[in-house]
Structure formats: C-alpha cells, structure tokens
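Numbering (the working numbering), first residue to last: 2 to 1114.
Rather than coming from a laboratory, the hints here were simulated on the basis of the structure. Just so we're clear, the structure is a prediction, and the values are computed from it rather than from any experiment. All residues carry an ideal CB built from backbone N, CA and C; glycine is no exception. Check before you lean on any hint, since a few could be wrong.
[As the list claims (entries may be wrong)] Straight-line C-alpha distance at most 25 Å; calculated BS3-like pairs for lysine-lysine:
(1) Lys181 <-> Lys220
(2) Lys522 <-> Lys606
(3) Lys605 <-> Lys477
(4) Lys602 <-> Lys495
[As the list claims (entries may be wrong)] The calculated label-pair distances, taken between Cβ atoms and stated as ranges, are:
(5) Lys81 <-> Tyr643: 44 to 50 Å
(6) Arg374 <-> Lys60: 19 to 25 Å
(7) Ser357 <-> Gln589: 34 to 40 Å
(8) Lys81 <-> Pro656: 57 to 63 Å
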Amino acid sequence: MSASSAFNDEKGGSSSVGEPEYGHDPASGGIFSSDYKRHDDLKEMLDSNKDSLKLEAMKRIVAMIARGKNASDLFPAVVKNVACKNIEVKKLVYVYLVRYAEEQQDLALLSISTFQRGLKDPNQLIRASALRVLSSIRVTIIVPIMMLAIKEAASDMSPYVRKTAAHAIPKLYSLDPEQKDQLIEVIEKLLADKTTLVAGSVVMAFEEVCPERIDLIHKNYRKLCNLLIDVEEWGQVVIINMLTRYARTQFLNPNINESLLEEGGGGDKTFYGSDDDEDEDEEEKEKKAEAAAVAKRKPYVMDPDHRLLLRNTKPLLQSRNAAVVMAVAQLYFHLAPKAEVGVIAKALVRLLRSHSEVQYVVLQNVATMTIKRRGMFEPYLKSFYIRSTDPTQIKVLKLEVLTNLANETNISTILREFQTYIKSMDKDFVAATIQAIGRCATNIGEVRDTCLNGLVQLLSNRDELVVAESVVVIKKLLQMQPEKHSDIIKHMAKLTDNIQVPMARASILWLIGEYCEHVPKIAPDVLRKMAKSFTNEEDIVKLQIINLAAKLYLTNSKQTKLLTQYVLNLAKYDQNYDIRDRARFIRQLIVPTEKCGALSKYAKKLFLALKPAPVLESPFKDRDHFQLGSLSHLLNAKAGGYQELPDWPEAAPDPSVRNVEVPEWTKCSSREKRKEKKVEKPFYSDSEGESGPTESADSESDSASGSESGSGSEESGSRSESEESEEGSESEEEDEEEEEKEKKKKKKELKKPVQESESEQSSEEEDRKKERKIKQRKSDSESESDEEEESESESSQSESEDSESEAEVKKKKKAPESKPPSKPVKKESKKEKKEMSLLDLDDFEPAPSPQVTPVNTFLSNSLVTDLEGLSLSDSVLSPATIAPSSALKNYELLHRITGEGLSVEYCFSRQPFSPDANMVAVQMQFTNNATSDTKNLHIEDVKLQSGMRVKEFPEIELLPAGETATAVMGIDFCDSTQAANFQLCTHTRKFFVSIQPPVGELMRPVFLTENEFKKEQGQLMGMNEITEKLTLDAKCRNEHSIVQRVTTAANLSRVPCGSDRECRFAGRTVTSSSLVLVTVATKEEGAAQLTVNCEKMVIGTMLVKDILLALTQ
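Work out the full structure: start from the sequences and follow the hints.
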C-alpha cells in the first residue's frame, strides 16, 4: 500500500479519477494559495502515527527546499519527529534541520536535548547529522555543548562522524574565537587520523583556525603526502595548498644551485675557450673547478621529504578535477627544481580544452609562468593559438601567452599568426593583437623593422580602430630609434586628415613635435592644419596641438611664431580649464616678456629633453608574488583570508621534527623485511609502493642528488667521493639492486641466441666485474628517469651518462689486442643492441634508425674507413655542381696546441646527409700532429638547445701519428644559428668544442623556374620581405662575381632570369623546408637592391646581413 493511498484512506475514501491528485501538494507549485491552510496536509502527515506518511511528507518537504521554496513554517511539525524511530525519516528530518536551524534558533534550542541524544545514536549518519545541526545553531549559549559534542565526535569510531567534527570546528571558531586553544587540541588529534576521509576536512579546519601553527603538521607531513592520492578532490586541493606553504618554510630553495652551476659553467667555458694555457695548468684548473663545484653543491642536496612531496603530487596532474591539476601545478612552480617544473606544462595545456571559465583561470596562471619559465610551454605553442569561437577575455590572455613565448626561433610563426588575427571582427581583440606585435618588436630586436613595416601597412587599413591602435604602437616603437624612421613620421603626418580617433591623432602630433628636427618642412604645415580645426578637436588632441606649437616655436620660430600665438589665443578661451591653464603656462614659458621668470631660459631643455623610450611590459610581470591559483593572483590584489607565500629559509630547519617513532602505516619498515621481500618478489624491487614514506624518499633523494651533481659526477674521481659519502644503509640498498640486476642479466644471457661464441661467454665474468663500478651511477640515472619520468633535460643527461659508461666498458673490452679480429666486431654489434634499447626508453623521441653504423658488423674496420674516405672525397668534389666557383670554407674546431697535437677542422659539405635529410652534413678532418697514436676518437656529452639533434660520426679507432682522417656527422640545427656543444674524446682526453653554423649553411638549394619564383615571391610579401639598398664592391659589379659571392655566403641555387639587371637565387631551410628567395637587382654606378623573401623572418634578417657583407667587401 503506497503512502499516498494510505493518506487518502485515512481521510475517508480515495479521490475520484478526474481530480488531480497532486492538487494538495505544495511542492508541485502551490495551486491553492490560501495561507491559513498552507501545508496543513503535510502537518497532518507529520503528526500521523504511520512512518510511511511521515516519510512521504519529509520527501515532499525536502523536494520543496530543493526547489527553493520556503518551508520554514513547518519547523515545529518537523522538529517533533527528531525522536522518530524510523532511520529514513530521521535522516530527512536532520537534512531539514541543517537548512533551517540558523533561522529558527529558538525552536531549535527547545529540541537540543534530542540532538544530544542523536549524538549517541548507533547509526553513524544520525550521529553526524545531529552534530551538523548542533553546529548550525548559531547561539553563543550552547558553545560549551557544541565543544563537548565536537570533542566526542573527534574520537568517534566512524570516520564519517570524525569528518563532520572537522567541519564543525570552523563553525564554532567563527561563533566564539576564544575557544581557539581547545579547538587546536581537537585539530591536533584529528590530524593524526589515518583515514583519507578525514584528512581533507581537518586540514581545511587547520587553515581556518590556526594556519600559523606549522608545528602541528611536522609529525603528520609524511602521512599527508602518502594519503594525498586517495583523499577526495577538494580535500586534495586544500592539502596541496597547505603543503606548498609548509614546504616553503621547511626546505631550502632547490634552485639555489642553478646560480652556482651557471657561475661554474661560465668559468669552464672561458677556461676551455683559451688556447694559450699550458696543459698541466688546464688539468689542475679542471680538478679545482670540479672540487669547488662539488663542495658548493653538497649543502644543497634535496631533502627526502621535499622529494616525497613532489613525487606524491605528480600523479595528480592526471586528475579529472581542474582545481587539483591547478593546485599541483602551482606546487611544482613554487617548489620544484627548474629541471622538473616542465612536467606541469602538458597537464595545464590539457585544461585548455575545458570550459571557458576554467580556461580563463588556467591562462592567467600560464601567463605568469611564461614570464619566468618560458621554455616550459614552448613545445605547446600551437595550443595557445586563438580560435574564432573563444570569448574576448580568453583571446587576450592567449595573446599574452604567445607574446611571452616569442623568441628568435618562433617569432616568424607567431607574427604570421598575428597577421590573421588583425582581420578579426572583434575590435578589442584586434587592438590587443597590435599591442602584442609592438611588444614582440621591443623584445626581439631582429624583427623590430619588420614589425614596424607591418604596422605602417596597417595604417592604410579601412578600419579606423586598427589604424588608431597601430599609430599608438608605432609611436612607442619609434621612440627607440627615431632618426632611422623619418619616412614613417612623414607618412603618419599625412594621416592627420583621415584619422578621427583622438588617441591616434594625439600620438601623431606628439611624434611630430618630439622629432620635429627630422621633419622640418612638414611639422609647421601640420600645425597650420591643426590650428584650423582646433576648436572642434577633443581635449587630448588640443593639449598635443599646444605642445606641438610650443616645440615648433622653440626650434623654428620664424615660420611658426604667429601660428603659435593664434593657437594659444584659441586655447585661452577654451571651455576646458586644463587647456586654459596649459596655454597660460606655456605662453609664460616660451614667449619672452619683461615679467617672465628664470624658467623661460630653460624652456628648450624642458620641452625638448630626451625622453626614455617606454618599456612595453607584460601586465603579469609582478604577479607571481601571489600564490598561483589563488583568488588574489587572479584579481592581482590581496583578497580577504589570503595567506602570503613564505620566502625560502636561509638555512634548512631541523628535518628530524618530521620523524615519527615506528609509524604503523609502514608495514615493513626494517631493512631485513625489505630484503626478504626483494628476494621473494624481485619484480617489485624498484616500486614506490613497497617502501615506507621515509625510505622511498631517501632513495629518491639519492637519485635526485645524482641528477643534480651534473657534469661533476660524470668524472670518475668525484664519483668515488660521492660513493664514500653515502650512508651505509643506502649503499646496502643499492648493493641489493646491483645483485638483482646481475640476476636479471644472467636470465637475459640464457635467452640469447646460440650464435655468440664461447670465448665471449667466458670473458663475461670479467666484464661484469668491470661494469659493476659503473653500475652505481647508471642505476641512479635510470631510477630517476623510470620512477620520475623527469623533464627532457634530465632524461638526456641520464642517456649521456649511460653512453659514457658503455664507452668505458668498450675501452676495457678492447684492451687485450691479441684476440681474433671477429671478436671486436661482435662486441660492437652487441653494444649497438644495448644502445637501441636505451633509446627505446626515451619518452619523447622515437629511437633513430641506425643507418650508418651497421656497416661495422659486416666489414673490417680498415675497410669501413676506406669506404668512408671514398664517400667523403665525393662530397668534397660535388659542391662544384651547385656553386661553380665557391670553395668550401674551413673552420677550426680544435687547435693543435689545445688538442695536444690533435687538430680538427670542419666545413659544411653542402651535401644531403643520407641518414637524415633534415640534418646539415658537417665534414670533419682530424690531423694527428703528435708523435704518438690517437685512439678511440668519438663524441660524448652532447649539449643542445631544445629541438636540435646530432647524428655522431662512427668512432675512429686509431689515428696514427702524422696521419689524417675524415668523418661526416649530421646536425639538425632546427633552423637556428645556435651552437651545438659537445665533447670530442680520445682514449686519454676530452675537449669541449662547439659548431656554430653561418645562416647560409642552414639551407639547401632548390630549382625553380622564373614563373614559379615570381609566384612564390608574391606570396611572401609584407612582413616576410626584407629589402636593403647597397653599393657593390668595385670587383663585384659583373654578374659572374655577384653569383659567386652570393652562393659562397649561402647554399642557394641560381634561378633563370630574363633580365640582365637581376640575379635570382632560391633555396629551402634544411629542417622546416621554409622557402628562401634572394634577388639582387643592379643599377647604375654599382648601386644595387637586395631583396630577401623568407617565411622565417629571423633567418631572412640574418641572411640579408651576410649577403650584404659578401657583396660590399
């Protein structure tokens, strides 16, 4: 029997079919509005003896509340049912009371004893609801009762009730702040709770009541870090924000080391760069520098607890909740070492696919981050491109991010993107784009002229707002170097007739007045026109007309005296008092009279003083002093309740405060148990879950310190020092790891094919012993990259370490020379397999297919070098086909004095590099001028800018004294002139060298017909075209010598041309295949015009300089 039918029976007969049964239901919209009978049926149902009717009534009442209807007049009828035996009714009664207890406090107080009884109820939901209602009664009389209830609930068996107690704490604190001390005791008790349900709520209470009591967190810090992953989402946000502030007070700044490394690095560079130092001094200096660097770095090893926090928050970057991702991102930004911050970029970019509100907050934070850590978001540049559907505020923020990310390599793409934005219908967005172009021009000198030319072209736009904004930006850019741009000032002077936007007119007048000596004929004429329309102008324009008149009066009074007096007389009777005052002040200052004071002598200095160019800065420049992700950061103003992010401490506080005596949650804290586990399940030996928080943190910190010690730890000397300095327990742990790796290795070797010779297997024992010394460092770098999946820079470092260790093994293997020749070949193929597997671990790039080295497996080494010699000799001869008379220019890589008898020269062979078409082929010539043989010539420790790649030349095993050898390596310079730095290693020494390409070598020739050339040139106009006038060198006035000089400067091919006066050349950049077109048009008496059209503006600008130099010297 349903509740409604029961009610109808009780009333005496059911309703007829025709009647709407819900007519009496107030929740259904209140059909009958007679107030005196309002809710009577519900009251009757609540007074009934049947639980089913009470339940039905409560459901309807809660439905009313959910719809926003007022049900407060039912309070007396509902409150009576608090003592109902039925659990379902009781729950709904408490839901109602939580909503209305604050409004009907007197009635709620009457039933307080019932609530207290509810606190003892066997059902946890009832206990929690009773406490919730009790804490909702905002009357100071019952504070002691509430206090008692909270204390009892804090020791409740049910985590749900303890969570409710944590929620009640801030309510009681706001009601009576004097209870703070007692509440802190409860918070301390709840902080020690081991359940995830309570953690978030108690940290929230801690933040509300006593955020300054950091001492309460010490003992619970590791527990909170470990529970974090399982806490509910909003709890995670609160805990992460609190731990960010905690970590800023307890740990040292992980980036202190950066500055020391940079200083050390700088010293090394200058030292390696000097050619004249003696060899002994170099070695001593090298050792001293390393020792000093190690000594400096030791105090800055990351605290294991700091590492624990970073490791346990990292998985939350994959959370579905944007607030959690944002919280982790701000934690990493404020706490992580620079090398590790990059991991947050991908997660934040993912949030940009969310709602516009989320995008807005994320972009605000990204805009702040890009100022300090630009490189982090560069790979995701395209994610910040603007969609036509984006709201204006999102568009403006994305523009801000794009402008912050602009640098020499990507500016051409960004400016091309900006060009399309200018055509948008959204006027505010167009204005912001023009300002962004201005900021790019001030930040990147190479494109300043290109941007100016682009903005000047915009002055002929039909849209007045575009023109006005362009004028304002051009004004700021011209202030940087006005003498170069008098043509633009003249062009802008002509616009005064057409432009009506006051700000733009004022900017033009200010420019003409400020640089009137650059346009002496035009300035007075502009003043004449302005004097005519003075009375109809806006106030801002009038003020600039008066300024212009004053400046012209001081520099050219003969022409402008009467005009100035006329303008000042008009201004004297203007309606605006600012303009009247300005006119009076200027008249006294510039027009000499008997009464005029001492100031008039200095009128020129006052008006025509040099003014500093405005600095166009990002509005997000100083925002990072607010904690990212906070409301204060969003508003750029301190919001109520915001807590400042503390500064890093100078010296690390005592870490032992976080030690807990035998924590219960670590099931196997002792080393012995861990050993047993490892023996049983070797698969879990590296997993984080097995170890307790302290130990996982320890091992993590070791690996972190391994990564931090950088280049110093690569030398064997400093490695042995670090091994000695480690604690016994840690070395024990790593020994176990080594043993396991031995076992794994044995298993792998059993599975190997039978092809390997027995002699090789017999020598494996010795090899293993030798390898064991290297293993230590290897396992560090591998565990770092496996567990942490660190940023690209770190993974590349660990790869270089691995390759180095393999090289050492290989040297040791080669030492016994009496072995048969087949053996080294097999060893090398084996090593190659190993390298492939290491490369496969890399997250970011697929393993490059080895196309050069496999020759070694089939041919003897001497034959390989012979073949290489052949291929190189071809490549030396063949450029003649491209550039008829241009000999290849050689550059010195290593001087024979610096190289202890080994000298290395290199040239850009201008041949396609067969293993990878996107690489520039660099031909190297090694000459051994020493008396002894040089062995094992190879490359190590390659340091490249992001995006660049290197394909090393095959190792030269032996270079006898007095002999010369050649080799070819490929470098992908990523269409930039940044240097590729690496170490050139022999069997005894390592030399730091770098190869920097001229811009002309970043191209490959491409054949175009005359029509194709013209068509492509037509598409690369505007910002992509750079034109320079020049006077040709006396020896370079015929067509042959122009072609020779241009093709020497750049790897381009000649394009057929119908005109005798023009030489055309075409090519594409090696990496991105961007088109490069060069035209040299000659005129009379050696005058010429050079035009370069290029999609990449920076390359175009640099190429113009190089070709100008070639043609004029």
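For Lys81 and Tyr643, compare the CB-CB distance with the range 44 to 50 Å and indicate the outcome.
-> Given range 44 to 50 Å: holds, Cβ gap about 45 Å.
Restraint status (C-alpha distance of Lys602 to Lys495 at most 25 Å) | The given pair, whose Cα atoms are some 34 Å apart, is violated under the 25 Å limit.
CB of Arg374 to CB of Lys60, is that within 19 to 25 Å?
-> violated, 55 Å
When you check the alpha-carbon spacing of Lys181 and Lys220, does it fall within 25 Å?
-> holds, 21 Å
Under the criterion that the straight-line Cα-Cα distance not exceed 25 Å, is the pair Lys522, Lys606 satisfied?
-> holds, 22 Å
Range hint 34 to 40 Å (beta carbons of Ser357 and Gln589) holds or violated = violated, 56 Å
Taking 25 Å as the top limit, are the C-alpha atoms of Lys605 and Lys477 close enough?
-> Given that 25 Å is the threshold and the Cα spacing comes to 23 Å, the pair holds.
Could you see if the CB distance from Lys81 to Pro656 stays within 57 to 63 Å?
-> holds, 58 Å
Checked against the numbered hints listed earlier, the structure breaks hints 4, 6 and 7; every other hint is satisfied.
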